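Engineer: Read off the chains here:
There are 2 protein chains.
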Amino acid sequence: MTNPVLVEVLRGGKVESRHEGSIAVADASGALVLSRGDVARPVFPRSAVKVMQALPLVESGAADAFGLDVKELALACASHSGEPEHAALARAVLARAGLEPDALECGAHWPTSQEATIRLARSGEVASALHNNCSGKHSGFLCGCRHMGLNHRGYVKIGHDYQRLIAATMEEVTGAAHREENSGTDGCSIPTYAVPLVNLATGFARLATGETLSAGRASAARRLFEACMAEPFYVAGTGRADTEMMEAGRGRVFTKVGAEGVYCGAIPELGLGFALKIDDGTGRGAEAAVAALLAHLLRDDEALSARFADMASVTLKNWNGIEVGEVRGLPVS
Amino acid sequence: MTNPVLVEVLRGGKVESRHEGSIAVADASGALVLSRGDVARPVFPRSAVKVMQALPLVESGAADAFGLDVKELALACASHSGEPEHAALARAVLARAGLEPDALECGAHWPTSQEATIRLARSGEVASALHNNCSGKHSGFLCGCRHMGLNHRGYVKIGHDYQRLIAATMEEVTGAAHREENSGTDGCSIPTYAVPLVNLATGFARLATGETLSAGRASAARRLFEACMAEPFYVAGTGRADTEMMEAGRGRVFTKVGAEGVYCGAIPELGLGFALKIDDGTGRGAEAAVAALLAHLLRDDEALSARFADMASVTLKNWNGIEVGEVRGLPVS
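Here the protein sequences line up with chains A and B, keeping their order. Last residue of the first sequence? That's 333 in the UniProt record's numbering, and every number before it is there in order. Last residue of the second sequence? That's 333 in the UniProt record's numbering, and every number before it is there in order.
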């Protein structure tokens, strides 16, 4: 089955490339409110579920024990750009747990922000694990391990107690199995589990509403959502889609990108969660598609809907700043 | 019409993403030898036709008048990585025509090679038009303008005499119209014309064989092909697909990548040209698909075919160097 085209890329007024994909929007009961393409096929959500992976940090009491503030909670759910503020905050979170950056097992890479990479190189520094876009999440894992008295060595492995706790949490939230059989290894070395989009959408609706969750988990989810929506720079970075969408949403919209064309999120006031996957794995496709989806879901608020419709259409400029084309998320209806 | 899946991306042994596309392989008469998907739909070839755009540089006598050597001719057909050797050679080509880098109208960008970007930033320099991946092609255009006595100001514009000459040349080579109606603006500001893959494949077969071309054009094409195959580092750069494929081909295979998932090339000994487009525009898809195609077309040479089959499968490693998946060009048969 071929999924529908969700995004077109135009040049000279002609379609140059296009992105197919599938979308699930669900409520906390698991009922599909909107569905495009195949929403039953398992998808690796990658970093789009970092907020789910951060639940044990709050539920265990680690976040309170180490006094993590709103920015630090946002960073624990982030795929950040490796800007100086992100790297510094990840270091600070580790310090709260009495750890140094060498405890991180996510691997080092240069900042995903080219500007941050150039600044870092100019200053004579080198890339470290703190610049890895997942360093905030991993710092959160390490806080959780320390608070729970777990040996943190090997905390990224699928058999480690902390990863088992995360998998069990995500099974409960999404209603889908998170086992070795449906696992792969993510870029930062932790397991990622392939589950249907409908389960991801349902899970985000539950986090957004608290429905079906224990009181402790509902409270933890609300706190993480609110942290991300309050400090979206710490979830992504300068000019990034998640930062701009959550800034526009002003506490009414939660979004989170994942690698390989995944986007998840929720609109708490509507009680809805969503998940989408661009089949070819491109980020530009996922960003345009999620903005078009949000323009539709928020259609009762004309001004906000128009903001997202604007974001669904990105003008392409060349190296001389000349407009040459457009990435256009097709309207959802 | 949906094109077939040409490339799969796997994680944990499961298909995570996939790339659809179309392929045309043709001889110089325009007869299709192999066809996958829609090869009649117009496609912007982008940088994949730089060797066609460089024909007037040689045909006009400019290359000889300015004494361009093999590396400089290769650079005139390049999408280079902006490594120091590339930027220095582009400067040298301009100097042969008595010009400075400020004559370039391609725009500036940091090297496409992250390592080259980091080195440049460390050295305190900034990105210039010389680092633009198209600077060699543009330096060639400027040599052509100077030799032909054309005012080079505005040489990138569709109405400039040099761009008209390129369009007329490409019309003859491909047999497809190159007009304002089917044009768009490329990343480096020159026009790009959407033409069917079958015409692009036919054009590359003609360049590879000289068939249907004037003696002067056939000679110019042979000279440019030989330069690229002899100096593939100057066509791309360290670790790049074109460099590795042409090094493996040892003068028997010409390949050239274009933006938005395009690949073109030729196998002169078989009298064949080819063109492919990944519908979603991703480079990883185009690279895996072209290697799988070459493994098929060169199947009579088991060792060389096996080299290309190896290149069609790229192991994905994460930031800790752990193997997490594979980009796999599906075998062509």
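Hints in this document: simulated from the structure, not taken from any laboratory. Be aware that a few hints might be false.
[Said to hold, decoys possible] Within a straight-line C-alpha distance of at most 20 Å, the following computed PhoX-like cross-link-like pairs (lysine-lysine) qualify:
#, chain 1, residue 1, chain 2, residue 2
1, B, 14, B, 317
2, B, 317, A, 317
3, B, 317, A, 157
[Claimed, not checked] So, partial list: chain B residues that the calculated Cβ filter (under 8 Å) puts toward chain A:
#, residue
4, 2
5, 4
6, 8
7, 9
8, 106
9, 187
Remember, it's a predicted structure, so these values are computed and weren't measured experimentally. Positions of the beta carbon are idealized from the N, C-alpha and C atoms, including for glycine.
Engineer: With reference to the structure, classify each hint as holding or not holding.
Structural biologist: Structure-based check of each hint:
no., hint, result
1, B:14 with B:317, "15 Å, holds"
2, B:317 with A:317, "32 Å, violated"
3, B:317 with A:157, "16 Å, holds"
4, 2, "5 Å, holds"
5, 4, "11 Å, violated"
6, 8, "11 Å, violated"
7, 9, "6 Å, holds"
8, 106, "6 Å, holds"
9, 187, "5 Å, holds"
In the structure shown, a violation is registered for the earlier hints numbered 2, 5, 6, in ascending order.
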